[in-house]
Every structure is written in C-alpha cells, then in structure tokens.
Amino acid sequence: GENVEQHPSTLSVQEGDSAVIKCTYSDSASNYFPWYKQELGKRPQLIIDIRSNVGEKKDQRIAVTLNKTAKHFSLHITETQPEDSAVYFCAATSSGSARQLTFGSGTQLTVLP
Amino acid sequence: NAGVTQTPKFRILKIGQSMTLQCTQDMNHNYMYWYRQDPGMGLKLIYYSVGAGITDKGEVPNGYNVSRSTTEDFPLRLELAAPSQTSVYFCASSPTGGDTQYFGPGTRLTVL
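As given, the protein sequences belong to chains A and B, one line each in that order. Convert by adding 2 to the 1-based position in the first sequence; the result is the number in my numbering. Convert by adding 83 to the 1-based position in the second sequence; the result is the number in my numbering.
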C-alpha cells in the first residue's frame with residue numbers, strides 16, 4: 003500500500019518568514035496530493051491540492067510543488083501570519099480501486115509574533 | 084448545505100460497552116470514510132464505502148463495523164469498547180475516489 007512520510011514534525015518560524023513542509027510517497031501510481039490544515043480541536047480542512055499532471059500550483063500565499071520522478075511534494079507558505087499556526091497534513095492517493103487517501107503524520111507549524 | 088455532520092460530539096464509554104457513531108452528508112457523495120486520530124498523530128482509515136451497500140476495510144478495522152444502507156448515512160459501530168479505542172473519530176465524504184475529502188466536525192470518544 004501507499005506510504006507517506008512527512009517532515010518536519012514541528013516547525014517554528016518568525017512572522018513574515020516562509021515555511022516549507024515536505025512529503026514523500028511510495029506508490030508511483032498516486033495522482034492526487036491534497037494538503038489539509040487542522041486547527042486545535044477542529045476538523046481537517048483542505049487548503050490546496052495538486053494532481054500529477056501539474057508541477058506547481060499557487061493560491062495567494064500558499065503553493066504546492068510536485069516532483070513525480072523523486073516522488074515528493076512540498077507545501078510552501080510565504081509571509082507567514084500567526085493564524086497560519088496549525089497542524090498541516092499531506093496526503094496521497096493509493097492505487098487501490100477506491101483510491102483512498104493515505105495521510106502523513108502531520109507538521110505542527112508555529113508562527114511566532 | 085450542512086456538509087458532513089457527526090453525532091455525538093463527545094462520549095464517554097465504559098470498557099465493554101457498545102455505541103454507534105453517526106455520520107450524514109448532504110452533498111450526494113458516493114464515497115464515505117471513517118478515520119481515527121489519536122493525540123498528536125495523523126489520520127488512520129478505519130472503513131470506507133464507495134456507495135450504498137458497499138463497504139470495505141481500511142488500515143485499522145479491528146473492533147469496528149460499518150453499514151451503508153443509504154447514500155447519505157455511514158454509521159460506525161463499536162462493539163465491546165476498549166481503552167485503545169479512545170480517540171477522535173472523523174467521518175469524511177468525497178464525490179469519487181482520489182478526490183477532495185470533506186470532513187465532519189469529529190466525535191471525541193473516551194473509553195474508561
């Protein structure tokens with residue numbers, strides 16, 4: 003099955019700096035890679051996603067890059083703000099018929115004012 | 084459009100008790116999922132369904148059962164609760180496989 007590894011597990015940055023979170027996946031057939039943000043006590047919410055036919059996608063301060071050859075993808079947050087503090091999860095689809103998501107273990111991002 | 088709803092929000096069970104966690108979605112999604120999230124950890128897939136009448140096991144199905152009699156509802160049954168089932172349970176739905184999943188607010192379960 004799919005295996006998704008996520009690094010780092012914790013990340014602290016100063017407000018205004020950039021943050022980068024990286025994930026690797028094992029199944030070369032994976033073709034959908036979403037990123038979720040989970041605030042304390044809340045549900046995971048999709049912030050950006052990318053499909054395997056695209057190398058990069060950007061939405062305001064958030065961008066995701068995908069390297070299919072190396073089987074890794076990254077989340078980039080620029081001009082970080084205190085409200086960006088949360089746990090971020092990456093995920094990748096499995097190759098099974100239902101193509102369910104396998105999630106990474108999460109990154110606790112803290113933006114220091 | 085309420086999205087994905089879950090009940091109850093919180094529950095405390097004694098060891099050996101049983102309960103059903105309810106999940107309903109109003110987006111007419113075919114795919115539905117149950118995850119558990121242990122403190123400080125990621126999401127582990129318990130069961131999923133690709134349509135009414137069709138369910139399948141995920142990564143951690145032991146101790147749980149599901150049914151899918153309608154498109155809207157996907158209840159999760161815990162039989163003989165154990166302390167290891169203390170967790171936050173999230174239900175999610177998506178239009179198809181390999182697509183965006185929308186999560187419910189979660190049920191926080193404690194087994195004592």
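Derived from the structure by calculation, the hints contain no laboratory data. Built from N, CA and C at the ideal position, the CB exists for glycine as well. Some hints could be false.
Said to hold, decoys possible - Calculated lysine-lysine pairs in the PhoX-like style (CA-CA distance at most 25 Å, straight line):
hint, chain 1, residue 1, chain 2, residue 2
1, B, K127, A, K39
2, A, K60, A, K70
3, A, K24, B, K92
4, A, K24, A, K70
5, B, K127, B, K92
6, A, K73, A, K39
7, A, K60, A, K73
8, A, K73, A, K24
9, A, K73, B, K92
10, B, K97, B, K127
11, B, K127, A, K24
12, A, K39, A, K24
13, A, K73, A, K44
14, B, K97, A, K24
15, A, K44, A, K70
16, A, K39, A, K59
17, A, K39, A, K70
18, A, K39, B, K92
Claimed, not checked - What the simulated footprint calls covered on chain A by chain B, stretch by stretch (three residues with Cβ under 8 Å from a Cβ of chain B suffice, anywhere in the stretch; the number is not a length):
hint, region
19, 23-37
20, 42-53
21, 70-83
Verification of the hints:
1. K127/B x K39/A: holds, 16 Å
2. K60/A x K70/A: holds, 18 Å
3. K24/A x K92/B: Distance of about 32 Å is beyond 25 Å: violated.
4. K24/A x K70/A: The hint holds at about 13 Å.
5. K127/B x K92/B: holds, 19 Å
6. K73/A x K39/A: holds, 22 Å
7. K60/A x K73/A: Holds, because 19 Å separates the two Cα atoms, which is no more than 25 Å.
8. K73/A x K24/A: holds, 11 Å
9. K73/A x K92/B: violated, 38 Å
10. K97/B x K127/B: holds, 23 Å
11. K127/B x K24/A: holds, 20 Å
12. K39/A x K24/A: holds, 14 Å
13. K73/A x K44/A: Not OK: K73/A and K44/A at ~30 Å, beyond 25 Å, violated.
14. K97/B x K24/A: violated, 40 Å
15. K44/A x K70/A: violated, 32 Å
16. K39/A x K59/A: Within the cut-off at roughly 17 Å; holds.
17. K39/A x K70/A: Answer holds: K39/A to K70/A is near 23 Å, not above 25 Å.
18. K39/A x K92/B: holds, 20 Å
19. 23-37: holds (count 3)
20. 42-53: holds (count 6)
21. 70-83: Not satisfied, violated; 0 residues make the cut.
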